[in-house]
Amino acid sequence: MQTDTCIERHRPGWQAAWRALAPRMPAPALLAQLAARYAEPHRHYHTLQHLDACLRHLDTMRTLAQRPDEVALALWFHDAIYDIGAADNEARSADWARAELLALGAADEVAQRVHALVMVTRHDQPPRTPDQELLLDVDLAILGAPPALFDAYEQQVRLEYQAVPPAAFRSNRRRILQGFVDRPRIYHTAAFHDTREAQARANLQRSIQALGHEPPGSPQGE
Numbered sequence: 001m002q003t004d005t006c007i008e009r010h011r012p013g014w015q016a017a018w019r020a021l022a023p024r025m026p027a028p029a030l031l032a033q034l035a036a037r038y039a040e041p042h043r044h045y046h047t048l049q050h051l052d053a054c055l056r057h058l059d060t061m062r063t064l065a066q067r068p069d070e071v072a073l074a075l076w077f078h079d080a081i082y083d084i085g086a087a088d089n090e091a092r093s094a095d096w097a098r099a100e101l102l103a104l105g106a107a108d109e110v111a112q113r114v115h116a117l118v119m120v121t122r123h124d125q126p127p128r129t130p131d132q133e134l135l136l137d138v139d140l141a142i143l144g145a146p147p148a149l150f151d152a153y154e155q156q157v158r159l160e161y162q163a164v165p166p167a168a169f170r171s172n173r174r175r176i177l178q179g180f181v182d183r184p185r186i187y188h189t190a191a192f193h194d195t196r197e198a199q200a201r202a203n204l205q206r207s208i209q210a211l212g213h214e215p216p217g218s219p220q221g222e
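Taking my numbering, the leading residue of the sequence shown gets 1, the next gets one more, and so forth.
Calculated directly from the structure, the hints in this document are not laboratory data.
Incorrect hints may have been included.
What the hints assert, rightly or not - Simulated restraints on C-beta separations:
#1 168 with 20: 17 to 27 Å
#2 152 with 185: 19 to 29 Å
#3 168 with 66: 33 to 43 Å
#4 122 with 193: 17 to 27 Å
#5 193 with 27: 34 to 44 Å
#6 175 with 103: 32 to 42 Å
Note that the structure is a prediction, hence the values are computed from the model and not measured.
All residues carry an ideal CB built from backbone N, CA and C; glycine is no exception.
With the hints as constraints, model all of the structure from the sequences given.
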C-alpha cells in the first residue's frame with residue numbers, strides 16, 4: 001500500500017483522536033515518523049497495509065469501544081517499533097505513545113490506558129478491559145480471514161523472519177499458532193467471535209499441518 005493512500009485515508013481519524021485526548025495537536029512530523037516506521041523495508045506484514053486494515057476494522061466496530069479514540073491511537077502505535085526478533089517492540093511502541101501523549105498535555109490516566117492497550121498486543125496476557133478485548137480482536141482479525149488472505153499473511157511473516165533457518169522457523173511458528181488454537185476463544189468480542197472464530201481455527205489448523213511437513217529439498221540438519 002502506498003504511504004500517501006493510507007495516511008490520507010486515516011488522517012481525519014488521527015486528528016480526531018488527538019483532539020479528543022490531548023489539549024495540543026502533534027506536529028505533522030509525528031505522523032510522518034510513524035508512516036516511515038511502517039514502511040521500513042524489513043517489514044512484509046507489519047506494514048501500512050496492516051495498520052490500514054486495523055483502522056478499518058475499528059471504524060466498523062467503533063460503537064463497541066468505551067474510549068474509541070484511545071483504541072485508535074493505540075492502533076497507530078501498536079507496531080510503531082518492529083525490530084525482527086526483539087522482545088521489547090511492544091514496550092518501546094507503548095512508551096513512545098505515552099511519551100507523545102504526555103508531551104502534548106494528555107492526562108496521565110489517558111496516557112497510561114493507551115500504553116496498556118499497546119502492551120496487550122504482546123498477546124501473552126489476557127485483556128482486562130473491553131477496549132483491550134476489541135483491540136486484540138482487531139489485531140488478530142487476519143487469523144479469521146478467507147484462506148487466501150490468511151495464506152498470504154503466513155508468507156509475509158515468513159519473509160520477515162527469512163534469516164531464521166527453515167526448521168527453527170517451522171517449530172517456532174507451529175508453537176505460536178498452536179497457542180491460539182489451544183485458547184477457549186481466539187476472539188473476545190461477540191462480533192469477531194461470531195464471524196471469524198470458525199474460519200480462524202480452520203486456517204490455523206491447516207497452517208500447523210503444513211508447517212509439520214519438511215519442504216522438498218530442505219537440508220535435514222536445519
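Okay, the hints, checked on the actual structure:
The given range of 17 to 27 Å is broken by residue 168 and residue 20, whose C-beta atoms sit roughly 44 Å from each other. Range check, residue 152 to residue 185: about 25 Å between beta-carbon atoms, so the 19 to 29 Å window is met. For the pair residue 168 and residue 66, the supplied restraint of 33 to 43 Å holds, since their beta-carbon distance comes to about 41 Å. Range check, residue 122 to residue 193: about 21 Å between beta-carbon atoms, so the 17 to 27 Å window is met.
Judged by the Cβ atoms, the range 34 to 44 Å given for residue 193 and residue 27 holds: they are separated by roughly 40 Å. Under the hint 32 to 42 Å, the C-beta atoms of residue 175 and residue 103, about 39 Å apart, fit the expected range.
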